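Given next are the chains, with one letter for each unit.
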Amino acid sequence: MVYRILFFIIASAALFVQAQDIPPVVSNSLRVSYMGSVTYPGFKVGYEMPYKQTQVFKERRTGVKTFTKERSLNVNFGMYHHPTFHNNYFLQAEWNLRRQKSKGMFYEFSPGLGASRTFLASATYKVDDRGEVSKVPLAGNYFALLSVSGSLGYNLSVRGNLPGKLFVKPGLLFLFPYSKMAYARPTVELGYSWSLSNKS
Amino acid sequence: MIKQKSLLIILFALLFHSCQKEDFSKSGIINDHFFLQSDGQNMPVTVAGNLDPGKLLLIVHGGPGGNALAYRNKYVKANVESEFAVVYWYQRYSGNSQGNSGDTHISVYRNDLRKLIQLLKNIYGDDKKIYLFAHSWGGFLAPYFLVHEENQALVDGWIQVGGAHDYALNDSLTHQMLRSIGKQEIEAGNNLKEWEPIVEWCETNDHNGSKNAAKLNRYANFAETLIHEIERPDIFGSDLSIMLANHISITSGLANSLASNYYDITQPAYGIKLKTDLHKITLPTLLLWGKYDFVCPTGLMDELMEHLENTAPESHIFEKAGHAPMYNEPELFWETVIRFVTNH
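Sequence order for the protein chains is A and B. Each residue of the first sequence is one higher than the one before, starting from 28 at the first, in this note's numbering. Each residue of the second sequence is one higher than the one before, starting from 1295 at the first, in this note's numbering.
Since the hints were made in silico from the structure, they are not lab data. Since the model is a prediction, treat every value here as computed from it, not as a measurement. Errors might be hidden in some of the hints.
Stated by the list, open to error - Interface residues of chain B toward chain A, partial, derived using beta-carbon atoms under 8 Å:
id	residue
1	His1327
2	Gln1392
3	Gly1393
4	Asn1394
5	Lys1409
6	Leu1413
7	Ser1543
8	Thr1545
9	Ala1549
10	Trp1628
11	Thr1630
Note that CB positions come from ideal geometry on N, CA and C, so glycine has one too.
Can you make the complete structure from the sequences, with help from the hints?
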């Protein structure tokens, strides 16, 4: 009985939801954001390459609701500065899943992966077995990087003429192996994505 | 083209933003920060305070995986750093220490401590006197360091605060103390709901094995919160404000603490009986304990007094303190430490 009810719900949904793949009308974009974690500053610049866009129509009692699903690949470079800890520079590829409402609001979910290099925030020394001290130039570590973030934004081109999107994007960066474990760094981005053509 | 060049210049400027200070003053009030790189780990070191008396108090923090800068509260900044310089060293797998990996054996910790002292002497001068201030797990590491080879020649004094120089003895003493004080508290009708399960557990379990040791440690920390004689003055600022002021990364501390627990760093310490080597120590020594220290009971101090044959250790028990007398009776505690360092 449960399976029948489930089948009915899914079949009904299929009747009322229609999705249509359309060629991407969204242009490549340049994303720039301030990326900090509570008190420590940083930035991120990236290039967004959309590859799929789907228009979805949902029938509701109040009328037809439409929204757009977009998929894109982002390539980013970023850094943050944490005094007495480290400065971290990273390259990152993000898979961006965006759902945009007809009025311009959008949500994104963006898992990513990449690599990072930290530079220790102060002079670093090593001491050999004879007690000789030497300075370590450009001390720091390479880490693999995983990230996950969700964002909330508004597409300014929907109601105005500005070719871009504003977004706020909380997320987590994971660096590993970090002390044989993983280091999680909460981040918050506040940014703007410029559309590189007049379509956005 | 100009834009690209500007961008490159900005990127390089940021890359070398970590411009590394190399000029360290050898006198006056200092607030230095640097890293010690050793065996896969980069360990932050903050040296702050008055260098003019030529003395450095090197904090060997608890844990393993503890927080060196947690000792640097408002009281210490105002009253201790004005007397001499304090060295806040994050041990490997602690706080802001970082690196991909690195050995976790206790002998590597001992090696790190030697390297740090050699580095401090290199930076601030061979004439500077160094005093180890060892707390809790640091109270294992310090004597483990001092009795090894010629290490004690590198330092000028040893302050042991609620230290765990013998892990097996420590567990048995905690077990006894929880039982005896727990029973007294139950008889007095104090915190029955809290004490009864602790006493019951102690009567049905012994102190052997890592699971029991971990349970005893949790009970010991909890038991201190039930003792109303312990003073808890609110004069230091919140833990969060200390962390923010010192740029401590909470998540780095968490990752390191997880690693410390996962790799069970203290396990080899159970096989080491330092008491047979304590006679080698000839340094001026100060033993400081809280009367209600359930985590490292005062019986450990008694054993040190008995086996430190070749020095005359000074000692003090703080009547209104637990495992961290520096927080419970800060004025008396730091006065005692300052007097010891000044006199030696």
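Which numbered conditions among the earlier hints are violated in the structure presented, ordered from lowest to highest? Checked against the structure, the hints that fail are numbers 10 and 11, while the rest are satisfied.
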